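**Student:** Chain residues, written in single-letter form:
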Amino acid sequence: MRAPLCAVLLGLAAPFAGTPATAAELNVAIEIPRLEVAEYHRPYVAAWLEREDQGVAANLAVWYEVANRKEGTRWLADLRQWWRRSGRNQTLPIDGVTGPTKPIGTHQLRFSDKQAPLATLAPGKYQLVVEAARETGGREVLRIPFEWPAKSAQSLSAKGEHELGTVSLNLAP
Amino acid sequence: MTRPQLRLAPALASALALAFVAGFPLAAQAHKAWLLPSETVLSANGWITVDAAVSNDLFYFNHQPMRLENLEILGPDGAPVVATNQNTGRYRSTFDVNLVTSGTYKLALINHSLNATYETAQGEKKRWRGTAAALATEIPADAKNVKVSETQGRIETFVTSGKPNDTALKPTGVGLELVPVTHPNDLVAGEPVQFRFVLDGKPAANLEIEVVPGGSRYRNEQNDTKVTTDKDGLMSVTWQEPGMYWIETAVQDNKTSVKQASFRRATYVATFEVLPQ
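Note that the protein sequences, when read in sequence, are chains A and B. Counted from 1, the first sequence has number 13 at position 13 by the working numbering; the numbering is strictly sequential. Counted from 1, the second sequence has number 277 at position 277 by the working numbering; the numbering is strictly sequential.
None of these hints come from the bench; they were simulated from the model. Please note that the accuracy of each hint is not assured.
[As the list claims (entries may be wrong)] Simulated crosslink set (DSBU-like; lysine-lysine; CA at most 30 Å straight-line): (1) K170(B) x K226(B); (2) K163(B) x K70(A); (3) K202(B) x K259(B); (4) K125(A) x K163(B); (5) K255(B) x K163(B); (6) K102(A) x K163(B); (7) K226(B) x K259(B); (8) K226(B) x K126(B); (9) K226(B) x K202(B).
What you are looking at is a predicted structure, and each value in this text was computed from that prediction instead of being measured.
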């Protein structure tokens, strides 16, 4: 989704000498864990950048049953923090953010500061927040604090206990 | 409504009327009346189902149903919304509401009635209950010691689909009402909540409010608490545990809206859902 566009932008940026050629990057990896349950449903997941005042600076991804026109949005409120801080004020789908639920495995989100939402992200302290809710399952929220813009390359992560595996945040200045 | 009511002898009623003219808050009813919606925060327009019952324990429908004749639902644009599939059973009434647009809905059972005690010309003590219009015709012209009291009661709950708004929450200016500072569908465990209470549209200071959390069957204490509104009518509370909460408050004074009535009793009851963090 995002990766090819990012690669194109990096490719375009390279020929310009004398100006910073590489874009600052913020890359997120979200692991949907394998769970041994009788009735498994892919989780609803929301990932966003949260400001210190708990407002949402940017929605990064929202995975829900987009194709289920009858009931897909009905369970978005189970992503309680995301719904309250951002979701209920949005019109869905959100271009470049919302998408279908994801299968078990690790999923990458790549962002460059040459495009939205990072291009307009004000400097400051933030948290990457990832919230997951699963039908007949539980709910989990993971948070990774970071500063923007990143002064050095960083690899940060948080590990979930039941609904999320490892969430990684990689920053490249 | 079939709410249990204090039955007072006429003489006692008059004495109490004088005593309460000063505006003493009234003790809570023995039984709790409540509306309980199936959910209060929805992320898609659709249906909810609501229970309406009277009971001692919250929120268990094991005593009496609420009658639904005075049910009023206001939608996000302030216009009335119809309740469908209304049913009154043995222990609870239920109804469904189709939330067709996003915003906040206010569901209320409203009781605005008069009670009177009087003596017939033969000296027989009688009680009467009804509307202001019926007062003139149903009480005999030669009745003596006619004492009329007015009741203004609200039993409310709130549901929001999508983005909350407050059009339906605007007070009508009659009786006791709740005006949000904190939106009633934005309640989360551990976060401070502020509601403003108004009486006839004006801030109700020093109002004593009883608060009881749901789930009373599975604990050994009522865990009821009392919160008093400040001089601006503000109630401030922090609910640490998620769940359904019930509140009740009442005021009695002589500011009636019907001139034959000598005192009025305004009550307010509401159910709130506090979600986990």
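**Student:** Now, for every hint given, state plainly whether the structure supports it.
**Tutor:** Now for the hints, and whether the structure bears them out:
no. : hint              : result
1   : K170(B) x K226(B) : holds (25 Å)
2   : K163(B) x K70(A)  : holds (19 Å)
3   : K202(B) x K259(B) : holds (20 Å)
4   : K125(A) x K163(B) : holds (27 Å)
5   : K255(B) x K163(B) : violated (37 Å)
6   : K102(A) x K163(B) : holds (27 Å)
7   : K226(B) x K259(B) : violated (33 Å)
8   : K226(B) x K126(B) : violated (37 Å)
9   : K226(B) x K202(B) : holds (22 Å)
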